[in-house]
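On the provided structure of chain W, position chains A, C and X as indicated by the hints.
Chains as they are written, first to last, in our numbering: chain W, 1 to 203; chain A, 1 to 203; chain C, 1 to 203; chain X, 1 to 203.
If you're looking for bench data, these hints aren't it; they were derived computationally from the structure. Where hints are given, some of them may not hold.
When chains are identical, the list treats them as one kind, so a pair holds in a single copy or across two.
[Unchecked claim] Lysine to aspartate or glutamate pairs mimicking DMTMM-like chemistry, simulated, CA-CA at most 25 Å apart:
| id | residue 1 | residue 2 |
| --- | --- | --- |
| 1 | K129 | E119 |
| 2 | K50 | E142 |
| 3 | K122 | D64 |
| 4 | K200 | E142 |
| 5 | K196 | E71 |
| 6 | K200 | E53 |
| 7 | K196 | E154 |
| 8 | K50 | E116 |
| 9 | K170 | E193 |
| 10 | K50 | E133 |
| 11 | K200 | E154 |
| 12 | K196 | E186 |
| 13 | K165 | E154 |
| 14 | K200 | E96 |
Being a predicted model, the structure only gives us computed values, none of them experimental.
There are 4 protein chains.
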Amino acid sequence: MTSFDELVRHFERFPGIGPRQARRFVYHLLTEDPQSLRALADAIADVQAKVTECAHCFRYFARDNGNTLCEICNDANRNHELLMVVERDSDIPPIERSGIYDGYYFVLGGTVPLLEPQENIKLRGGALKGIAEMRAKEGLAEVILAFSVNPDGENTARYVGTLLKETEEKNIKISTLGRGLSTGSELEYADPETIKNALKNRT
Amino acid sequence: MTSFDELVRHFERFPGIGPRQARRFVYHLLTEDPQSLRALADAIADVQAKVTECAHCFRYFARDNGNTLCEICNDANRNHELLMVVERDSDIPPIERSGIYDGYYFVLGGTVPLLEPQENIKLRGGALKGIAEMRAKEGLAEVILAFSVNPDGENTARYVGTLLKETEEKNIKISTLGRGLSTGSELEYADPETIKNALKNRT
Amino acid sequence: MTSFDELVRHFERFPGIGPRQARRFVYHLLTEDPQSLRALADAIADVQAKVTECAHCFRYFARDNGNTLCEICNDANRNHELLMVVERDSDIPPIERSGIYDGYYFVLGGTVPLLEPQENIKLRGGALKGIAEMRAKEGLAEVILAFSVNPDGENTARYVGTLLKETEEKNIKISTLGRGLSTGSELEYADPETIKNALKNRT
Amino acid sequence: MTSFDELVRHFERFPGIGPRQARRFVYHLLTEDPQSLRALADAIADVQAKVTECAHCFRYFARDNGNTLCEICNDANRNHELLMVVERDSDIPPIERSGIYDGYYFVLGGTVPLLEPQENIKLRGGALKGIAEMRAKEGLAEVILAFSVNPDGENTARYVGTLLKETEEKNIKISTLGRGLSTGSELEYADPETIKNALKNRT
Numbered sequence: 001m002t003s004f005d006e007l008v009r010h011f012e013r014f015p016g017i018g019p020r021q022a023r024r025f026v027y028h029l030l031t032e033d034p035q036s037l038r039a040l041a042d043a044i045a046d047v048q049a050k051v052t053e054c055a056h057c058f059r060y061f062a063r064d065n066g067n068t069l070c071e072i073c074n075d076a077n078r079n080h081e082l083l084m085v086v087e088r089d090s091d092i093p094p095i096e097r098s099g100i101y102d103g104y105y106f107v108l109g110g111t112v113p114l115l116e117p118q119e120n121i122k123l124r125g126g127a128l129k130g131i132a133e134m135r136a137k138e139g140l141a142e143v144i145l146a147f148s149v150n151p152d153g154e155n156t157a158r159y160v161g162t163l164l165k166e167t168e169e170k171n172i173k174i175s176t177l178g179r180g181l182s183t184g185s186e187l188e189y190a191d192p193e194t195i196k197n198a199l200k201n202r203t
Numbered sequence: 001m002t003s004f005d006e007l008v009r010h011f012e013r014f015p016g017i018g019p020r021q022a023r024r025f026v027y028h029l030l031t032e033d034p035q036s037l038r039a040l041a042d043a044i045a046d047v048q049a050k051v052t053e054c055a056h057c058f059r060y061f062a063r064d065n066g067n068t069l070c071e072i073c074n075d076a077n078r079n080h081e082l083l084m085v086v087e088r089d090s091d092i093p094p095i096e097r098s099g100i101y102d103g104y105y106f107v108l109g110g111t112v113p114l115l116e117p118q119e120n121i122k123l124r125g126g127a128l129k130g131i132a133e134m135r136a137k138e139g140l141a142e143v144i145l146a147f148s149v150n151p152d153g154e155n156t157a158r159y160v161g162t163l164l165k166e167t168e169e170k171n172i173k174i175s176t177l178g179r180g181l182s183t184g185s186e187l188e189y190a191d192p193e194t195i196k197n198a199l200k201n202r203t
Numbered sequence: 001m002t003s004f005d006e007l008v009r010h011f012e013r014f015p016g017i018g019p020r021q022a023r024r025f026v027y028h029l030l031t032e033d034p035q036s037l038r039a040l041a042d043a044i045a046d047v048q049a050k051v052t053e054c055a056h057c058f059r060y061f062a063r064d065n066g067n068t069l070c071e072i073c074n075d076a077n078r079n080h081e082l083l084m085v086v087e088r089d090s091d092i093p094p095i096e097r098s099g100i101y102d103g104y105y106f107v108l109g110g111t112v113p114l115l116e117p118q119e120n121i122k123l124r125g126g127a128l129k130g131i132a133e134m135r136a137k138e139g140l141a142e143v144i145l146a147f148s149v150n151p152d153g154e155n156t157a158r159y160v161g162t163l164l165k166e167t168e169e170k171n172i173k174i175s176t177l178g179r180g181l182s183t184g185s186e187l188e189y190a191d192p193e194t195i196k197n198a199l200k201n202r203t
Numbered sequence: 001m002t003s004f005d006e007l008v009r010h011f012e013r014f015p016g017i018g019p020r021q022a023r024r025f026v027y028h029l030l031t032e033d034p035q036s037l038r039a040l041a042d043a044i045a046d047v048q049a050k051v052t053e054c055a056h057c058f059r060y061f062a063r064d065n066g067n068t069l070c071e072i073c074n075d076a077n078r079n080h081e082l083l084m085v086v087e088r089d090s091d092i093p094p095i096e097r098s099g100i101y102d103g104y105y106f107v108l109g110g111t112v113p114l115l116e117p118q119e120n121i122k123l124r125g126g127a128l129k130g131i132a133e134m135r136a137k138e139g140l141a142e143v144i145l146a147f148s149v150n151p152d153g154e155n156t157a158r159y160v161g162t163l164l165k166e167t168e169e170k171n172i173k174i175s176t177l178g179r180g181l182s183t184g185s186e187l188e189y190a191d192p193e194t195i196k197n198a199l200k201n202r203t
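If we strip away everything but chain W, and leave its shape as in the complex, we get:
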């Protein structure tokens, strides 16, 4: 296999990239200046050494000085009463940008698909229990399950809820994000479940 084809093969494994775009990526690299290409290769080679999972929340962060905790978990000024469990790393930036949440996070690492319940073994359920117990000693009062509003997300919430009830910490409340009309919703196109929640949560 040529170097060209080998690179195409690598890029085809990138999320959302098909053969044609993979080829375009290689053409792009061929026209880059050599210095920039070298920098990209080095960055890729180094990324796993320089970016690591936080020992508490499991999101990726840049380990610059032997830190084992990310800047959020390291920040003692955040609200110790709240822990939000999300599906994946990329769920965190929009919440931080909203500026309304100041508790801690935990990245579960995926969902438990409704039709493949055995997938739960790939998730960080055990670690979550440990972290919840640890944070309980620091004042944790509520775990917020922040999953997608679809069957897999709801199944994951059930799974995590059950899991957390197995801990010794009986006083921790388990909540889920509120449902209702989201920005841009039009009543005419809303589904019954959303209408039901929008009515129930009216203010």
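Here is chains A, C and X on its own, set in the frame of chain W:
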């Protein structure tokens, strides 16, 4: 202008229909059997006589026997404490289908666009005040403003809220539908306002 | 069934219209001024009487004074050597607008789907043979088969080609529209058949 | 800037990739096994050394043994009478796959936008003249201009046509790909230029 072109012109005025689809509609009519065509023409000619606005909620309903009220306003068993104000007729069926609301409705007849506040004169603001005062005597406790979650919808809610405060009925609560994650929402793509409401309304 | 629902039912039969848009059409009619509504109903009731199929080409035209031929078939100055067979009425306007064709037309009335060859009985094959023989006496030299470039269109071309060979007129050439790159085509996305034809027809 | 952000920045420069997908790429790399990551980094670092432009046609090819010509230019059995000028590398695979062309290629390296004619200096116009003169001695009879069918493509064809007329080789024909209906075209939606060419090229 030929009969063909005249029909095309009529259909071009239908909501969402361009010249090409308008022509298709005419070709469709040309291949219909004459009896069905006659029935369509009659139904169109009669629709304004047979379908009329309800004297209370202003939605359209089939007037079969001199009724001035639609079947919802005519139903004394519904919840007299609730009145939901919607933008247009077509907002009502999804709410009825959700099976969770059993109060009455009021069709405002449009929105007050943020940039064209003078549009409020086209709406049924005066009639709404009258209906609210009438229903207050029958036990009305809450008016639910059920508009789209966008700038025009929110502006309309402000307008209607102010309007209702002008009535004598000070004990009527004015509420809006709850906001949060709607069915199908993914956290990663949620906007700050939706995240904020989802957090606030967590349960 | 109410008048409203009856109209919805009619509009749902319009090409490309689903239940929701059908309802919108009825709401639109309810807000039209009564005179315009009356005019629409009359136009629909009259359209089949006022618009009729041309006795030669079978396209629809406005019969204002007992004419049996449309304005194209009636125009003796067009090119008697050419007859173009199209699938449906709506194929003719773009060709006329191109300003490059001055022969006559014949509307076949559909295609012969590759998987349902028996559908050919719904088409105007017999009439086409008659018209071709009639026009042969007036100098017809070529029949152009102008169907869509897809399996059904190509199957229809085969069917019509065979049909025309059954006539007595052996000197009439049967042609199909040229293939190649159409406006907006990019080489990178072209299919092999198009590339093949583009190369063969290079100029 | 962290290693993570630096990689995001690199990927954002990839064609068609926005910030969100760039971040996904980095998450993908973080979960790859280290060996595969190393291989990707090496392939990127090496690609410019291992893949080079063909000295004749300028497309990229894998230089495994000091070759200066790609496998097509190196193949003496191809048709020496034909040279096809394309805009970019990625135009060649679909033509090769069509299996109908056996001449040589020349990658111009871009287009001359109608509104920025000075862009022609970025193209390989001079090299094309040299190659045409060289191939003329080997029997070149026709240069096929194979550009996109849009204003920029047509402008580029004019530019290259003028350029080639400046060479000494007066006997070389200059052609462009044939136009007409491409696969999937429907007459009703065809533009006048395509209809005109489809009629002119009818067969």
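- Tell me, please, which holds for K200 and E96 at an alpha-carbon limit of 25 Å: within, between, both or neither? between (27 Å within a copy, 15 Å between copies)
- Message: Regarding K170 and E193, is the shortest C-alpha distance of 25 Å or less found within a copy, between copies, in both, or in neither?
- Response: neither (30 Å within a copy, 32 Å between copies)
- Task: Check K196 against E71 for me: Cα-Cα at most 25 Å, and say if that holds within a copy, between copies, both or neither.
- Result: Answer is between; shortest inter-copy Cα gap is 22 Å, intra-copy 39 Å.
- Message: When Cα atoms must be at most 25 Å apart, do K50 and E116 count as within-copy, between-copy, both, or neither?
- Response: neither (34 Å within a copy, 45 Å between copies)
- Message: Treating 25 Å as the Cα threshold, decide for K50 and E142: within, between, both or neither.
- Response: Classified as neither; 33 Å inside a copy, 57 Å across copies.
- Could you figure out if K50 and E133 sit no more than 25 Å apart (CA to CA) within one copy, between two copies, both or neither? Neither: 29 Å inside a chain and 55 Å across chains, both beyond 25 Å.
- Message: At most 25 Å between alpha carbons: which applies to K196 and E154, within, between, both or neither?
- Response: both (17 Å within a copy, 20 Å between copies)
- Message: I want to check one pair: K165 and E154. Are their C-alpha atoms no more than 25 Å apart within a copy, between two copies, both, or neither?
- Response: within (17 Å within a copy, 41 Å between copies)
- Query: Between copies, within a copy, both or neither: which fits K200 and E142 at Cα up to 25 Å?
  - Reply: both (22 Å within a copy, 13 Å between copies)
- Using 25 Å as the alpha-carbon threshold, which applies to K200 and E53: within, between, both, or neither? The answer is neither: 39 Å in one copy and 29 Å across copies each exceed 25 Å.
- Item | Within, between, both or neither, where K196 and E186 count as close if Cα-Cα is 25 Å or less | both (14 Å within a copy, 19 Å between copies)
- Item | Up to 25 Å CA-CA - E119 versus K129, copy category | Within one copy, since 18 Å is at most 25 Å while 57 Å is not.
Violated hints, in rising order: 2, 3, 6, 8, 9 and 10; the structure is consistent with all others.
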